[in-house]
Every structure is written in structure tokens, then in C-alpha cells.
Amino acid sequence: MIDSSILQRLGETLAARKSADPASSYVAGLMAKGEDAILRKVAEESAETLLASKEGDKLHVVREVADLWFHSMVLLAWHGLTPGDVLAELQRREGVSGVAEKASRKP
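Counting from 1, one number per residue, gives the positions in the sequence shown under the working numbering.
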């Protein structure tokens, strides 16, 4: 079984890198460039995930989704959020119809 605590450990590392020297860390450098740079990376990795899926290469899909998750977690850290915040939201939605969940959201 895969150790799911990797998300927590990665989240802690990303939060720590937020204040690191941009010259010494990819994440610190990305954060130093600001939210727009982070959002561009999330969009780029999302597009690469879509393309990998269309190619049908499962390993490529896994690698691109890993990149997408990683950069999404950088975005969470940018906002002072953690993987636990997302997991709590997923837990809140567990067992709730997607239609009902969407209808419950405030506009």
C-alpha cells in the first residue's frame, strides 16, 4: 500500500519553501514570481495531462497528473492551505450526490 502521508509531508515541505531562497529552490523561485506564475504552471500541467490522456500512455498520464498535483499543491501553499484542507472537503462530499453537492454551493 502506498503511504498517503506523502501529501502531508509534501505540503509541509512546500510551505517551508515559501520563505526559502529562490536561488536554492524551484518552489521558492516559483513562489517569488507570484501567483500568476503558479497559475500558469497549473494550467500548463493540466494541458499536458489532457494531451497525455489522449495519447493513451498510462505512465505518461501518471507522470503528468503527478506534475499537476504537485503544482496544485504549490498553489495551495501560496494561499496558506494544506492538502488536509482539500482532503477535508473531499470527506465532506463523500456519499453526497454530485448533483446535490453542486446545487448546495452558493453562487
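Treat the hints with care, since some could be wrong.
Said to hold, decoys possible - Distance condition first, Cα-Cα at most 27 Å in a straight line; then the derived DSS-like pairs of lysine-lysine:
1) 41 with 18
2) 54 with 41
3) 58 with 41
4) 54 with 33
As the list claims (entries may be wrong) - Simulated restraints on C-beta separations:
5) 56 with 32: 18 to 28 Å
6) 60 with 36: 34 to 44 Å
7) 55 with 80: 30 to 40 Å
Derived by calculation from the structure, the hints in this document are not laboratory data. None of these values were measured; they are calculated from a predicted model. Every residue, glycine too, gets a C-beta built ideally from N, C-alpha and C.
Structure-based check of each hint:
Only pairs whose Cα atoms come within 27 Å are accepted, and residue 41 paired with residue 18 is accepted, the gap being roughly 16 Å. Simply put, residue 54 and residue 41 have alpha-carbon atoms about 20 Å apart, close enough for the 27 Å limit, and the pair holds. Of the supplied pair hints, the one linking residue 58 and residue 41 holds, its CA atoms being roughly 22 Å apart against a limit of 27 Å. Between residue 54 and residue 33, the direct Cα distance comes to roughly 31 Å. Violation of the 27 Å bound is thereby established for this hinted pair.
For residue 56 and residue 32, the Cβ-Cβ distance of about 37 Å falls outside the hinted range of 18 to 28 Å, so the restraint is violated. About 27 Å separates the C-beta atoms of residue 60 and residue 36, a value inconsistent with the hinted range of 34 to 44 Å. For residue 55 paired with residue 80, a C-beta distance near 36 Å keeps the hint of 30 to 40 Å intact.
Comparing the model with each numbered hint stated earlier shows that hints 4, 5, 6 do not hold.
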